[in-house]
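Asks: Starting from the known structure of chain A, fit chain B with the ligands onto it as the hints suggest.
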Amino acid sequence: MAGSALRRLMAEYKQLTLNPPEGILAGPINEENFFEWEALITGPEGTCFEGGIFPAKLIFPPDYPLSPPKMQFICEMFHPNIYADGRVCISILHAPGDDPMGYESSAERWSPVQSVEKILLSVVSMLAEPNDESGANVDAAKMWREDREQFNKIAERLVRRTLGLPPP
Amino acid sequence: MKAVLATVISLALTTVVIGNAYYQKKQFYPSIVYLTNSNPSMAVMYLQAFILVLLVGKLLRKIFFGQLRPAEFEHLIERSWYAITETCLAFTVFRDDFNPKFIALFTLLLFLKAFHWLAEDRVDYMERSPVIGWIFHVRILTLLMLLAQADTYFIHHAYQFTASKGPSVQLVFGFEYSILIIMIVNILIKYILHAIDSRWEAPWESKAAVLLYTELAINFLKVLLYIGFVAVMVRIYTLPLFAFRPMYETMRSFKKAYNDVVLSRRAIRNMNTLYPDATPVELAAADNECIICREEMHSGAKKLPCNHIFHAACLRLWFQRQQTCPTCRLNVLRAPAPEPAAAPQPAAGVGGAPAAAPAPPAAHPAAHPAPPTGPPQGTTVPPPFPNMPPPPPIMAWGVPPPPPPRPASLAHLTVAELQRLEGTERRNIEARLQLLREIQAMLDASVLLMQQYSSVVNNLPINNASIGTQTDVSEKREGRQVKTEPDVVPTTSTHKQPSPAPSTSNATNEDEVYPDSSTSESNLNSQRDKTDANAEELRRRRLQKFTIEK
Ligand SMILES: [Zn+2]
Ligand SMILES: [Zn+2]
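Chain order of the listed sequences is A and B.
Every number in our numbering is 312 more than the matching position in the first sequence, counting from 1.
Every number in our numbering is 48 more than the matching position in the second sequence, counting from 1.
Just chain B, same shape as in the assembly:
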């Protein structure tokens, strides 16, 4: 309604102005001269031209896009706003060339840009719209063709103008239209990919990868163009401030595309070569549902180092964004590759090592197994950490500093770089050695403790129960009160009053071992209580958080 009103008013004003000029001068040429010399008349004419441009824009928009979606409209407004600000900045550089033709050219540029943006949004929308009719294809292809022609024409014009008359504002136009034609290429590639994709029934998995590479190449071209443009502008005029925001954005997206390509390639290669396929049992344990697509997993599922299972295809797509586990955010590039069943314990040892480091090795019962319940097996050393809980996946895995990405060849590095490389390598190795030493100490300590246990348990079959944990003792006390277990009472009493003279050779052994192991027992118990309390607290909080979230 407002638009119609504005159109009518401007039309009326223009009629009045032209009518007035013609009425005063009575002839064609004098009227024109009169109009161009009168500022108010020219203002009205500019306004009329502006409204005409808008009307033409609306008409073309109707032809090529039909009704705009609200998101598209918002996007258009936002980008126009930036473009207008930047155009105003550009005016300050080229104040000398300021004339109506100049303004007209800039308006035309903005006008064409707007159609490029709309075409881009519309092609992006292809992915989301369920049905695409033939009219969509006709519209988009025609529009892209027309825009490409306009772009090439203006690039050509700018080139010829600059070649014949030296640098001018045409440099900016040439550059802007080059960026636009790159955009057209990008849109066209996307359009072709989406069009192929929509023809296929099955999801096309490598499409995302192709899009990623396209993005990388297009952004690379744009970055080159921007750098060239800024260099030329600095040499001839001044710093082109108006190009900085788009340049910065292009560089950022180029960097992102580059990282995405490199890191995702690495993560996908890891997935294909290192991570095992999920077994049917594991699939069943995960309810057969892939948390990424919420669909059933039958085959082609992969297990990450953190034991989370997803479709390999879904993971591949996700790794193109981020190289983490979607569920627990384990960084798969930093996580050690899972060795299939060959050496799970050393891995657990590395996970536990940092916790062990501050405590003196001998007094470190956390890694110690619970008192053996079955018959002791002589001097056989049980595996070092049988009841070690698997380390929480986010923590601890990152502890050994990840090796820096190694360049393919060392030949092209400078001496300083090599030295730096050597330094980091050396630090890494030292850190690893330190960790290994700690693990060694822990292993020694636990072996020692195990030997003490087994010897005590071997030599004192009667006192077996008395070396129980404190909870055992309290249970036994209860047992004595209730007087249900006659067996236990005597042993408890022997525990309370250690036999005065057990003259066997075992006695010395017992005396030596007993206090030590009992202290370590109580130590273990208190520690376990503490960790239990911590775990309980943690679980409670998590539950609370979960119920809040839920």
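Chain A on its own, in the form it takes in the complex:
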């Protein structure tokens, strides 16, 4: 079992290195442990996160791909679907059955068909279009709904921080 998880992760790593999707970089932190990856995600163009480079880590379970990995941003984030500690809450990262938010249909849930690439692309589209029904960060969801200008300001500050620039 361990072997197959490892082989699949290696295959995905190879695939991601050969055909990297735009704006995404991902791979094991340390080649001795293929179950912990680091990813760099570029903020999607035309959104308030544009230009930012957001680091995140992915922790894979030993029975991957039967169970989904966990994903956590390791930079400060302010987003309706990201917990204060950086954990990402999107449906693709949950198996049907465990239902932290209770609104997602099983169609978008985790299954072995999904992959690291699909997860990261979903996260990019999540950055572009937050789902403000999810309560991962209630403050962010409220601000996204009611005070978009302030939200954009905070996002801009975060973007500048990820680039190592001083706040405007």
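None of these hints come from the bench; they were simulated from the model.
There may be inaccurate statements among the hints.
What the hints assert, rightly or not - For the chain A half of the interface with chain B, some residues (derived, Cβ under 10 Å), not all of them:
1. E344
2. F347
3. P377
4. L378
5. C401
Claimed, not checked - In silico DMTMM-like cross-links for lysine to aspartate or glutamate, where the CA-CA straight-line distance does not exceed 25 Å:
6. B:K106 to B:D172
7. A:K326 to B:E337
8. A:K382 to B:E263
9. A:K326 to B:E263
10. A:K382 to B:D335
11. A:K382 to A:E343
12. A:K369 to B:D172
13. A:K430 to B:E344
14. A:K382 to B:E343
15. A:K382 to B:D308
16. B:K303 to A:E343
17. B:K351 to A:D375
18. B:K304 to A:E420
19. A:K369 to B:E337
20. B:K110 to A:E348
21. A:K369 to B:E168
22. A:K326 to B:E344
Every residue, glycine too, gets a C-beta built ideally from N, C-alpha and C.
Replies: Frame of chain A, contents of chain B with the ligands only:
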């Protein structure tokens, strides 16, 4: 750095306090008495003890685990937090026994618990680490042995204490250490399984199943223990609130393990007995790749009712989590078993039936085949739905209510249960009868229409083209404008001006049939246009979604 500072400060404080006591009393026993009677001194001593415990913990951790991984550390912190909260809750129940010994025992319990958690995480990690040296085995085995000894000692102690002096806080300790020793057994089983697995070159397929059964048995034991503990506590003290969260979690995982075992057994049995092996052609159509493991499929691949193909071994593992198709999420327990080529059409009929139900049968052209192009074959009725697209796999299959799982024997059921069972059975049968009736009506309607077609086509060989679809007509109009097809022009004109007196016996037949079939034709066309537009829209959206996702 902070830890070192704290250690140094507490050491200095302790030295000062003890030095002060000794300086004042000059002798050993009076100093002790002085220390224990002075609250500030005792606070410093407690702090020192706490830091000593932490230091010992660090030392032991270094010995048995080396460097902790960040995930392990996080997990440890999280669980400690829960454990401390629950310990505080437990204090409220046993306020009467509150004394330093009591606190020391609880600290020891927490301390040992932490090592159990770490051992569990470390053994889970075995599956993921590529190389495991002998030192890992020595560490884990020694640790497990020591922990098991500590657990048995404390259980024994709690038992003797309770037996001789009646119920006390020792009940909680006895219970907690029993849970811990079950945990040790669980860790040990996992360790042995992983160790065997890592020795083998080939993947060990039944390991997951063994793990599942272990999980079920361990959780069952834990649930029993929790129930017993709560019952005893309620009888002697009060509701043990501090045990509720772990109890709830244990029950939930027990239920999950139970469901997993039952449902996965059923799904795997289905797979072994009902689903066909994929043929080489089908394998080639799926690019030979198994979407679960992303490796090539050569043999041992199974085809699910939805026609998706996977390694049988991969499917077995997946079915232990969920009983759905990984690609399209068809619930394999609810899907009808595929009958190998014997009766695919009735199956398609069931799929199409719900769509047909609302429309009156005669005016239901969707299930109707396109106008026959080849020479008509007399009164032969073509298969009812030759161009019926296979129903979308998620939809429609669930329409007949799935039969409830039938108990093996009816003898042990009560009368009320039997009646309920009878009721559901009856509803199911009624629903099925209704579906069959609808299918029958549809079949009748299509047979009727087919007969009309064949008679029209038979009797009017010249007018063959005029019974074409509307698109045919418009094409013909274009044809007349361009004047390229002289053949068509006259037929179109006959269509436009129906012959005033075709005195053959066919005429009545034609007059009867013609308007009817043409309306149903136009009906069919408009419907097809609509479904085409819908499908187009759907495809467009899917494409859009896909490109967004991609
Ligand atoms: Zn496979
Ligand atoms: Zn499928």
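Asks: Each hint: holds or not?
Replies: Evaluation of the provided hints:
no., hint, in the structure
1, E344, "holds, 7 Å"
2, F347, "holds, 4 Å"
3, P377, "holds, 7 Å"
4, L378, "holds, 5 Å"
5, C401, "violated, 17 Å"
6, B:K106 to B:D172, "holds, 21 Å"
7, A:K326 to B:E337, "holds, 16 Å"
8, A:K382 to B:E263, "holds, 23 Å"
9, A:K326 to B:E263, "violated, 35 Å"
10, A:K382 to B:D335, "violated, 30 Å"
11, A:K382 to A:E343, "holds, 19 Å"
12, A:K369 to B:D172, "holds, 20 Å"
13, A:K430 to B:E344, "holds, 21 Å"
14, A:K382 to B:E343, "holds, 24 Å"
15, A:K382 to B:D308, "holds, 22 Å"
16, B:K303 to A:E343, "violated, 38 Å"
17, B:K351 to A:D375, "holds, 23 Å"
18, B:K304 to A:E420, "holds, 22 Å"
19, A:K369 to B:E337, "violated, 28 Å"
20, B:K110 to A:E348, "holds, 23 Å"
21, A:K369 to B:E168, "holds, 23 Å"
22, A:K326 to B:E344, "holds, 16 Å"
Hints 5, 9, 10, 16 and 19 from the list above are not met by this structure, while the remaining hints are.
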